[in-house]
Amino acid sequence: MTNFSRRNFLKTVGIGGAATVTGFGCAAPGRATNANGAHVVVVGGGSGGATAAKYLKRFSPEMDVTLIEPTATYYTCYGSNWVLGGHAQMDDIAQNYDALQSRHGVNVVQDSVTEIDPARRTVKTAGGDTMTYDRLILSPGIDFRYDAIPGITAADSERIPHAWKAGDQTTILRRQLEAMPDGGVFVMVAPGNPFRCPPGPYERASMVAHYFKQEKPRSKIIILDNKENFSKQGLFMEGWEQHYGDMIEWVPSSRGGQVEEIDAANLTTISDGGFTEFKADVLNYIPPQTAGAIAMQTGLAGDGFWCPVDQMTFESSIHPGIYVIGDSSVAGAMPKSGHSANNQAKVAAAAISREMAGLEPLAPSTANTCYSLITPDHAISVAAVYAYTDGAMAGVEGSGGVSPAGAPASVRQMEAIYTKGWYDGITGDIWG
Amino acid sequence: MKRSRIFAAGIAVSMMTIALAPQAAEVERGALLTTSCFSCHSIDVTGNMPNLVGYPRDLLVSQMQAFKDDSRPGTIMNRLAKGYSDEEIDQMADYFATLQ
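Residue numbers (numbering that gives the first Met the number 0), protein chains in the order written: chain A, 0 to 431; chain B, 0 to 99.
What the hints contain is simulated information worked out from the structure, not anything from laboratory work. Any given hint could be a false lead.
Restricting the straight-line Cα-Cα distance to at most 20 angstroms, the calculated cross-link-like pairs of lysine to any residue (SDA-like) are [as the list claims (entries may be wrong)]:
#, chain 1, residue 1, chain 2, residue 2
1, A, 123, A, 332
2, B, 81, A, 298
3, A, 278, A, 178
4, B, 81, A, 332
5, B, 81, A, 278
6, A, 419, B, 49
7, B, 81, A, 403
8, B, 81, A, 362
9, A, 215, B, 43
10, B, 81, A, 394
11, A, 419, B, 81
12, B, 81, A, 123
13, A, 419, B, 96
14, B, 81, A, 110
Computed footprint of chain B on chain A, listed as stretches where at least three residues anywhere in the stretch have a Cβ under 8 angstroms from a Cβ of chain B [what the hints assert, rightly or not]:
#, segment
15, 227 to 236
16, 336 to 347
17, 395 to 408
Yeah, the Cβ is synthetic: ideal placement off N, Cα and C, and Gly gets one too.
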């Protein structure tokens, strides 16, 4: 409690002040009598936020931790491509907050944060509550830049799903693929860097191809890419050729992949100054992205799209006391992945826990692992270990890398088994 | 054979509720390093990843070193083990030994 002085704590919980503190089990008067009960609010119950809440309680059981998340059931983005491929169901990628609440002592509030006041250290929710915090961990994922190109808006996402946040969007896209006739064309528009889940578009193409190969073998998949190369490219292309022949066509930005406009009414993309068009039967437009809306609204991204942080702790470079983790943060060499968010959450939780104990933060070490399925029995992976180096999270030299090229089927199959193992392991670490 | 035995040893201790060391208010280097392992080798659920809670300290060190120098074949662990110094591997093994 060295840095979380009791006097400041009483001040921030609003004793005698205008703020009301409601919405969690241990309300202000009770907490105020607990000298150890500094309050950390975690916003967002995805891979970053749920991990942060759990590990705060693990590292500092005496801490009062509130997790605010709008949904009771969270669908993971990882695994959602398996649903699109037809070999997993939405229930297989559903997570809930029961264990966080009952087993780990996190106070889970189902609500949305509408406003953060960094100066007063308060958050307001859609449900009408105002909560004060001593430290805030923000893990709001991503939002979309529908204004990046003309012809499409967020209102079109029912007809032209992004499916880049799992849930209803995943179901919409799956139903469209199911309704598409054999011989149809599935067009995916993949964003430029940086964006959530770098291998995701290419795993999605693989999983849709797996479905088409079985049910609609005359169909075609076109990836219009706003870049010149992509994650695990050699391994994906090797797998595509092996399993799907020429069903998947990848179009880089320099060859017409840079989509400049969308004719939403006709499910048609326009590129090359109007000279190139692609007409889709099912169109999956994955827009360019920004930090989550609440982070943008709070000014945590400054003039940019992503939130700069002190990568030693993930505390915001703009608003002290707020830690931004996961996709929203600028995290050096770490990709925007659920695994990264899970690791960054532990760094932030440890930093806050140590700060409360009067200790300096530790130089963090983190890891990332991303498995991608090309078929249900053929997986490839990328992995890396990161260390805090010269002010940023950088890959440790000599570590990491991708699966070997040209490996035998047994290796691909082993990685497919580990893909499922990874899913079970990381969701257990986050929500279990 | 070796791998099977190690996996079985992990399973034997994997069914119980796990708690981190009670002095966790002071998160030390070994604890922070080791939390990276938990992402796949969860201490809260069991899956098909080997459970490392209760893993003998010396065995953890020897296997991480074997992944690091590629004398033990694997998929992803060879790539990850190369990201840690010998000292860090010792710290992780020490921390794992405190978990029950």
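Status of the hints after comparison with the structure:
{"no.": "1", "hint": "A:123 with A:332", "in the structure": "violated, 33 angstroms"}
{"no.": "2", "hint": "B:81 with A:298", "in the structure": "violated, 39 angstroms"}
{"no.": "3", "hint": "A:278 with A:178", "in the structure": "holds, 17 angstroms"}
{"no.": "4", "hint": "B:81 with A:332", "in the structure": "holds, 17 angstroms"}
{"no.": "5", "hint": "B:81 with A:278", "in the structure": "violated, 47 angstroms"}
{"no.": "6", "hint": "A:419 with B:49", "in the structure": "holds, 13 angstroms"}
{"no.": "7", "hint": "B:81 with A:403", "in the structure": "holds, 16 angstroms"}
{"no.": "8", "hint": "B:81 with A:362", "in the structure": "holds, 18 angstroms"}
{"no.": "9", "hint": "A:215 with B:43", "in the structure": "violated, 41 angstroms"}
{"no.": "10", "hint": "B:81 with A:394", "in the structure": "holds, 11 angstroms"}
{"no.": "11", "hint": "A:419 with B:81", "in the structure": "violated, 24 angstroms"}
{"no.": "12", "hint": "B:81 with A:123", "in the structure": "violated, 45 angstroms"}
{"no.": "13", "hint": "A:419 with B:96", "in the structure": "violated, 27 angstroms"}
{"no.": "14", "hint": "B:81 with A:110", "in the structure": "violated, 43 angstroms"}
{"no.": "15", "hint": "227 to 236", "in the structure": "violated (count 0)"}
{"no.": "16", "hint": "336 to 347", "in the structure": "holds (count 5)"}
{"no.": "17", "hint": "395 to 408", "in the structure": "holds (count 6)"}
The structure fails hints 1, 2, 5, 9, 11, 12, 13, 14 and 15 (numbered hints given earlier, in ascending order).
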